[in-house]
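Enquirer: These are the residues of each chain, in order.
Protein chains: 4
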Amino acid sequence: MSLPDEFHELARKVNNWGRWGDSDERGTVNLITPEAVRRAAATVRSGRRLALGLPLSSGGPQTGALPGRINPLRTMVSLNEPITGDPAQACFSDDVVVMGLQAATHWDALAHASYDNRIYNGFGAQTITAAGAGRCGIDKIGPLVGRGVLLDVARARGVDVLPGGHAITVEDLEYAVDLAGLRIEAGDILLVRTGQITVLHRGDRLGYMAPAAGLSMLTVEWLHRHDIAAVATDTMTFEVFPGERPDLYLPVHLLHLVEMGLTQGQNFDLEELAADCASDGRYDFLLEATPQPFSAGLGAPVNPVAVK
Amino acid sequence: MSLPDEFHELARKVNNWGRWGDSDERGTVNLITPEAVRRAAATVRSGRRLALGLPLSSGGPQTGALPGRINPLRTMVSLNEPITGDPAQACFSDDVVVMGLQAATHWDALAHASYDNRIYNGFGAQTITAAGAGRCGIDKIGPLVGRGVLLDVARARGVDVLPGGHAITVEDLEYAVDLAGLRIEAGDILLVRTGQITVLHRGDRLGYMAPAAGLSMLTVEWLHRHDIAAVATDTMTFEVFPGERPDLYLPVHLLHLVEMGLTQGQNFDLEELAADCASDGRYDFLLEATPQPFSAGLGAPVNPVAVK
Amino acid sequence: MSLPDEFHELARKVNNWGRWGDSDERGTVNLITPEAVRRAAATVRSGRRLALGLPLSSGGPQTGALPGRINPLRTMVSLNEPITGDPAQACFSDDVVVMGLQAATHWDALAHASYDNRIYNGFGAQTITAAGAGRCGIDKIGPLVGRGVLLDVARARGVDVLPGGHAITVEDLEYAVDLAGLRIEAGDILLVRTGQITVLHRGDRLGYMAPAAGLSMLTVEWLHRHDIAAVATDTMTFEVFPGERPDLYLPVHLLHLVEMGLTQGQNFDLEELAADCASDGRYDFLLEATPQPFSAGLGAPVNPVAVK
Amino acid sequence: MSLPDEFHELARKVNNWGRWGDSDERGTVNLITPEAVRRAAATVRSGRRLALGLPLSSGGPQTGALPGRINPLRTMVSLNEPITGDPAQACFSDDVVVMGLQAATHWDALAHASYDNRIYNGFGAQTITAAGAGRCGIDKIGPLVGRGVLLDVARARGVDVLPGGHAITVEDLEYAVDLAGLRIEAGDILLVRTGQITVLHRGDRLGYMAPAAGLSMLTVEWLHRHDIAAVATDTMTFEVFPGERPDLYLPVHLLHLVEMGLTQGQNFDLEELAADCASDGRYDFLLEATPQPFSAGLGAPVNPVAVK
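Note that the protein sequences, when read in sequence, are chains A, B, C and D. Take this note's numbering: the final residue in the first sequence is number 320, and no numbers are missing along the way. Take this note's numbering: the final residue in the second sequence is number 320, and no numbers are missing along the way. Take this note's numbering: the final residue in the third sequence is number 320, and no numbers are missing along the way. Take this note's numbering: the final residue in the fourth sequence is number 320, and no numbers are missing along the way.
Hints may be right or wrong, so weigh each one.
[What the hints assert, rightly or not] Which residues of chain B face chain C? A partial, calculated answer using Cβ under 10 Å:
id: 1; residue: SER70
id: 2; residue: ASP107
id: 3; residue: VAL108
id: 4; residue: VAL110
id: 5; residue: ALA142
[Unchecked claim] With beta-carbon atoms standing in for the labels, derived distance ranges:
id: 6; chain 1: C; residue 1: ASP172; chain 2: A; residue 2: GLN138; range: 46 to 56 Å
id: 7; chain 1: B; residue 1: SER35; chain 2: D; residue 2: ALA100; range: 24 to 34 Å
id: 8; chain 1: D; residue 1: SER58; chain 2: C; residue 2: SER14; range: 45 to 55 Å
id: 9; chain 1: A; residue 1: GLN138; chain 2: D; residue 2: PRO16; range: 27 to 37 Å
id: 10; chain 1: B; residue 1: PRO94; chain 2: C; residue 2: ASP98; range: 21 to 31 Å
id: 11; chain 1: D; residue 1: PRO99; chain 2: C; residue 2: PRO223; range: 26 to 36 Å
id: 12; chain 1: B; residue 1: PRO94; chain 2: D; residue 2: PRO99; range: 51 to 61 Å
id: 13; chain 1: B; residue 1: THR45; chain 2: C; residue 2: GLY177; range: 55 to 65 Å
id: 14; chain 1: C; residue 1: GLY177; chain 2: B; residue 2: SER14; range: 23 to 33 Å
id: 15; chain 1: D; residue 1: ALA100; chain 2: B; residue 2: PRO67; range: 42 to 52 Å
Simulated from the structure, these hints should not be mistaken for laboratory data. No residue lacks a Cβ here, since even glycine has one placed at the ideal position from N, Cα and C.
Please construct the entire structure, taking both the sequences and the accompanying hints into account.
Expert: Structure, rendered in structure tokens:
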């Protein structure tokens, strides 16, 4: 059974297949031009730096509901090991980790989602194998640095946390742009704050997952029209969850990743950044958020850094 | 048996314990001031971006010689999994990884090395347990962004690769500074190129590991005097290997990590950056190289990005 | 603060240190003599075989409450990979696993527990390092095969599941011996059924963990007097949980593992076996339950097999 | 391109599809009847027990040549952790492992090999997914216990190790049967000794892998005619390697696993057992070799135990 007509109509409107050539595997990050990077660097004034990645530990946001998305389990392989046998001399400690690549703060690879046997740019879904993403793997993104803009929807709407299940609207985004007091430009990287991650900070991992506000089918064209390079939120599911329609499961993932080639970020911790932006009234910054370069990965951890 | 007197003498000269307070766990990265960050942003001119991390894959640099330092093994947990059961609708692919935290491009945590039962700032080595680094874990470093400077020692010396086992000298560093045509400033992050990583690129993992040129006991005071914030190389062992003296095993690790609190980076791929710097004659840039925030980690992967 | 006097008094009564020599690392499994094995083989009559291990999958009994005890996560490294490139010819599929060694059906190594800086036979607790159990690792147990006896306490007491938190008594055990209609002999391996694992089979992982009936301080001397070689239960915690006294945490672990050197098994699925024994009235069998030989392991998975 | 005619002709002769019903996923282990198990128990005379599994450690046989088949890496998650905070009271140590399921001593699942899009019993190869073997997974085997017979081909041929690359012949097997002085019966489990594992014991992991003697296309019909339940060797590749014909890659895997449904074991350490059998002249025994029950696994570790 196919997806509903309304979905396909929207898909056609925002489709970017072929826009950067038939062999493109990077999608909208192509919009970050050297000029956009220079513009990003010009936003740096105070020299303050804020990291947006969640701590990587077994206390992470995963609940076990999604098999394989295990929280980082870091264990020791050596512990003050005296190399010469004499602890008065050089001793070393080493560790190893196992983790779901999308367990904590991460970017989705464009290949993360498929439907109707297709991924971004029309590549076949069968290009994904046990060896990983033969096309559109996370390593194809390359350096992801540009102007970041915080769209603090929660603050713009006057709440700490948007209501669970709230489908963010274009009006919500424009209120947040007004709050930011700037113009969105092609190649910007948007960080959309719902406040949802404060539920996680309170220790409620189940409540963090759902219900959650998020981007929606209502906002897809707006992001497309503004030529956004990448977009991230402070939630687990990125898009509103539970979803807007009972007959569609995670449609925004399909529209962003498959149709637009728009890289999505999840579990970005925007709280400290939001406080900082509210305090100085400046909502744009240089954002360096290059994914860890996992070859053929379907996603990758990132520790994004905003430099203001 | 204790270490030789010459070692202890040098240790005293470069010791930074207490310099940033008795509870400091960050060491020399404290030298990156807001002013230094603004200076870094001002180096951005062309908007070019270069990522310096090795690909994260099972084809990584580890040979199995160091148990636990396994190359990243990324495997699939779902593969075009149709969430509703219908592949015409949303399908997702996910993956998981296991890897040594110091297997590829990484920073050492200050707690990575100890001797005489001490780590940086005089904390006891027993603060490291099966739970990881109770003090001076990699997550304590925080955002690591500042002015990066490429010291291309190989090019300054007119070779593609410095000879295996060559202990880099102060003269080597100063030749490279001259080549760069700039002044080293407090808080700079140095990337010291030996060319050794080209051995790895040729497929020779054993040859990459040793023998290798590297920083040495000769360069420790120079780094200290210039108030370097962090330093990385394009080799596996960071310091010259085999070492300078038969009675000392990895002494530079002890001097940098334990005495100075100087964060060290390894396996940085500097080849593309070096070509770029040689081409435009500009050897400084904004460097964003924040480690992945593994709680209590003894090291962490990083995908450093130079923005020029 | 030391443990209460009553504990130490009991510890002295059941202590086996030195009984099999000062260098012994196997404890009570020494009681399985060749003669005991021949006796075990003589119990085989029908040729029926029953495996007692829980399925190894991400749906295992762990809830995430115990960091590191992750349920087995098995992922693919190759999937119908055509070795010659031609799928008409040989294709292979391979997988890899990460799991807590004590996540599912397992034996504790004698080194798993320590107190007052000692493990079994008086070895120092510091013999356990990041490299694992320097003494009394699970690999020291060797072949573990002998006469198994099902002590079906639940059935003997006329219930499906013993009440949560019930501390099994000597009378409970003797009722079960009467039900079995045999004599306990030196070197026997006991499987003590509480019925608790049916809580897990119903899908209630939290309820499975606690409260649970289990062996107790009341039964330790009885096991010692009967020269039991090893003992396992169908619960997560092995001993009654919550425990008998507020001032003692898992005291039976200390008495069995540290004092007696008695290997303990957990999460043994005894349901099918119990039905079989009830059906034919025979409660003894050849039991082969050798742990997986993890060098220096603190525990190991086992898939015990009863042959009747 | 299809496989050569000679292969297909042999395949037809030994094919067991449908023999145990169209839904069978166990293959030749169905041949182990209750009667065969009773016969196995009757072989127990001395009460000696010998475990045949290689130690599970990072020093295992894998060289890194096969990505994903990583040697067991066991690391600590807690180390004498005082549960109450007081080390005079209960302390616990736990560990976790990551390993290739076929890295050490293991059985192949019938689903491990496919060709022409088929696995055993005609199931489609596409039943294997990222979730594992939908059909013929290792967990379908169930208890694997029966009469084991050591066929010591090396000793029967008067050598310590069969020559590398030697394709074992029917005559080789029959010499070994003569040496054993018994008759092969339906449902027997054969352990075929080449002596190759002594190369591993000498520390030569590369030499252990290849060249190696092994079962061959010459022996397939013999195993089929004798209704062997399962067969294992003391080599990495199981069958002769390099293979007998340049146009066939691991054909014995295809014939055993796909056509016959004959479970294969690899890396069985038969040295101690061989010495024991030579010493008492008895080459049959009760063999308990049930695989670890990994749900949907493509293979599983086993620590086989011979009871004599």
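Enquirer: Hints first: check each against the structure and report whether it holds.
Expert: Each hint, compared with the structure:
no.: 1; hint: SER70; verdict: holds (9 Å)
no.: 2; hint: ASP107; verdict: holds (8 Å)
no.: 3; hint: VAL108; verdict: holds (6 Å)
no.: 4; hint: VAL110; verdict: holds (6 Å)
no.: 5; hint: ALA142; verdict: holds (7 Å)
no.: 6; hint: ASP172(C) - GLN138(A): 46 to 56 Å; verdict: holds (50 Å)
no.: 7; hint: SER35(B) - ALA100(D): 24 to 34 Å; verdict: holds (30 Å)
no.: 8; hint: SER58(D) - SER14(C): 45 to 55 Å; verdict: holds (47 Å)
no.: 9; hint: GLN138(A) - PRO16(D): 27 to 37 Å; verdict: holds (29 Å)
no.: 10; hint: PRO94(B) - ASP98(C): 21 to 31 Å; verdict: holds (28 Å)
no.: 11; hint: PRO99(D) - PRO223(C): 26 to 36 Å; verdict: holds (27 Å)
no.: 12; hint: PRO94(B) - PRO99(D): 51 to 61 Å; verdict: holds (52 Å)
no.: 13; hint: THR45(B) - GLY177(C): 55 to 65 Å; verdict: holds (59 Å)
no.: 14; hint: GLY177(C) - SER14(B): 23 to 33 Å; verdict: violated (56 Å)
no.: 15; hint: ALA100(D) - PRO67(B): 42 to 52 Å; verdict: holds (50 Å)
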